[in-house]
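Protein chains in written order, with the numbering used here: chain A, 1 to 395; chain B, 1001 to 1319.
Hint data in this document are derived by calculation from the structure and do not stem from the laboratory. Fair warning: there could be bad hints in the mix.
Selected chain B positions facing chain A (Cβ under 7 Å, derived; list incomplete) [unchecked claim]: (1) Ser1044; (2) Ile1200; (3) Glu1203; (4) Arg1237; (5) Ser1251; (6) Arg1254; (7) Tyr1255; (8) Met1295.
Fair warning: this is a prediction, and the values are worked out from it, not measured in the lab. In this text, a Cβ means the ideal position worked out from N, Cα and C, and glycines have one as well.
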Amino acid sequence: MANNNQDTTYDIMCPFCFKRYTNFNALFADHRHFSDEIYPGQVEYMRHFLGTEPFGGREGPVYFRRNPNDPAGNVFAATTENGDVTRTRVCPYCYNMLPAAAGRVKPFSIAVMGSDDAERSFYIGAALHRMNSTMLANYGAAFIPADYRTASFFCEQYEEPLYADRTVPEALTTITPLVYEFARTGAAAPEEWKGSTVTYNNALFYIYNIDRELVDRYPMIAYNAIAQAGALILISDAAAQAVSDDPLCDPWLGYLTETMRRIFGPMSCDKPAAIVLSKSDKAEIPDKKWAAALKSVVSQKLVISESLKKVFPTTAFAKFSDQAAGVLRARLPGFSSVIESLFSKENTMFFPVPEFFESHGDGTADIKEPAAAEASFLWLLAKLGLLPNSSAVIL
Amino acid sequence: MSDRRCIFCGRLIELENEALFRLPPDHPRTNDAIYADFRKARGSFDIRSDLPGVCGSRSPECLKLDWENGKPVLITKTGRSTDTLICPSCHSELFRDTDSASVRSAVFFGAKDSGKTSLILALVNNCIKSQFSPDGRYRYIFNEKLYKTEYIASEAEKAASGGKPADLRSPAAVYRVPRAADGGKAVCDVLHDVSFNDTIDEETVLTALPFAESAEHFVYCIPADKLAEALAADNERADIIMRRELFMMMSACRYAETPPELDIAVTKSDLAESPSGGFGEQVYSAFPSVRELSMYFSRTKVYEAGAGSAGQLYAGLFG
Chain A
1 MANNNQDTTY DIMCPFCFKR YTNFNALFAD HRHFSDEIYP GQVEYMRHFL
51 GTEPFGGREG PVYFRRNPND PAGNVFAATT ENGDVTRTRV CPYCYNMLPA
101 AAGRVKPFSI AVMGSDDAER SFYIGAALHR MNSTMLANYG AAFIPADYRT
151 ASFFCEQYEE PLYADRTVPE ALTTITPLVY EFARTGAAAP EEWKGSTVTY
201 NNALFYIYNI DRELVDRYPM IAYNAIAQAG ALILISDAAA QAVSDDPLCD
251 PWLGYLTETM RRIFGPMSCD KPAAIVLSKS DKAEIPDKKW AAALKSVVSQ
301 KLVISESLKK VFPTTAFAKF SDQAAGVLRA RLPGFSSVIE SLFSKENTMF
351 FPVPEFFESH GDGTADIKEP AAAEASFLWL LAKLGLLPNS SAVIL
Chain B
1001 MSDRRCIFCG RLIELENEAL FRLPPDHPRT NDAIYADFRK ARGSFDIRSD
1051 LPGVCGSRSP ECLKLDWENG KPVLITKTGR STDTLICPSC HSELFRDTDS
1101 ASVRSAVFFG AKDSGKTSLI LALVNNCIKS QFSPDGRYRY IFNEKLYKTE
1151 YIASEAEKAA SGGKPADLRS PAAVYRVPRA ADGGKAVCDV LHDVSFNDTI
1201 DEETVLTALP FAESAEHFVY CIPADKLAEA LAADNERADI IMRRELFMMM
1251 SACRYAETPP ELDIAVTKSD LAESPSGGFG EQVYSAFPSV RELSMYFSRT
1301 KVYEAGAGSA GQLYAGLFG
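Using the sequences provided together with the hints, build the complete structure.
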């Protein structure tokens, strides 16, 4: 596993058009000179996929390629026509602005898929909001928006409605990814945790909220997001699952199977997948193991290691996940068989979680158990080698 | 040869290769589009841009580049000479004592009516009135080419009496000149006023606030009454809004080689009761995100920006 504190550069993966290229191919933007030149690729992308006009219809900056002999120093800076230095880079294919950390750290993308009414937006809002505030205390790391657009979009679309207004967020109208930066200080050397090595101190996350309707509208982006994802989060409404052994009874499972088969073919997907079963407290599953698994996710506790560092209790979660999987196999065989056929067992973890938000029916909602949303996200970060994890049991 | 930093756009100019001069005042005037564009980006729409042309060492009008009394001078082929240096990026004037080691700049930002302009006016007016730093080590000299002393005094008085002063669309600059006995060079302290409209989207931030990348201090202004409201509120609205405003400005310095310091100035402190231990604890409990975001700044400090504390705040920011 590479240590990205030592490697100088990574390839860039554009979060918008998914093209991969080296740092030498990125374009630079000169924000002190304006151009009335139209970039058809950019206009098409912005209009069709993000529903906006480039620069709000204003003149845009001049884009240029860096001269290989540029005196500006490294590949992350270029000298403009009038001798100024710019560090703002854009994708050479779709002309969208790249995050500042692109090409400096390893990019990971996470696709969040879910059935309708499975609280997918609540889940993303709760998990990211909570990680914004707990990562520093728990892991000495920051998990914050990597660019202005994400900060603004996340605030308007998720945080303000959920945490300030206590209202239900409106349905998404764009498929814009959320770009987050993970940064950990003071742990440059690789760490050994029961045979697994954690070496990444910085990473870039592209998080795609894949709505079923948006998949139909923007299949190019949605399918690419799932195919390129380093990890998947699947949110399913446990209360709405039909107690049947025929998966075709459930349109969501049929749709999921079709999407996954279209992308990954007949083989099961071997990417880490967190199967989040929302509203599990509302599901009529009278089983002690189910209740125990539900309780454990809600009251997740970090483990303090011998070196007094906090680690994610992966093994403990695996135990409860196995219990939940066993219950699902018996109680919801249709759902269970679909999941087992689509995802490999060793990279899948079940997270039965209670309802994230309690809707009052008048458009207002109250926050419930945000820690449950965070657990699955943290497990993926541990699985991707970003957070230390432990085989110790929960203390 | 030395370098100069443009206090308007933050560009560092190597005089040997990049020096650009404004032609003498009586030279025929033309519309300076670059100057006009930069001023418009900063919100000065009524700026007059009919100015004498510009000339550099590579311009056809240039005869030679010379030095007089330690200052670069350009002599044109018509025999005219000019020593008015301008920035090649924004065509604003380059002032003396602004080499890379001598400029300390601070960017003041915050929500609407958070007292940014009033705070800058109070700080600058205090320098003008007191003339010397509290410890007597420096003499303050205000750069009157940007704003007249009388204008600063009247606007500061207006702000102090509860009025709303006009935004400062150009930076305010104060020279700190050390005592001759102490030796050392004069330092230029630059104070930038960021309007709420400068941060409406990422493109605007990058276009209107190029100076933020080289700023050493990001001063976030939060009125004391808003701080008290945030403490009393039962939701996280204030923290969410504050984090968003910080992110807006952070996108301007995301590419900087050295992270700036974050200074949180609690303004309008007469509107709330000042706690005995200062506002520090209150700020951290009302805005928990400050701790999380402090990883991205070289240092985080909280100041009380009251009527009588301008001198201490200025010294805390700039030394």
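Self-check item: Hints the structure fails to honour
Solution: 1, 2
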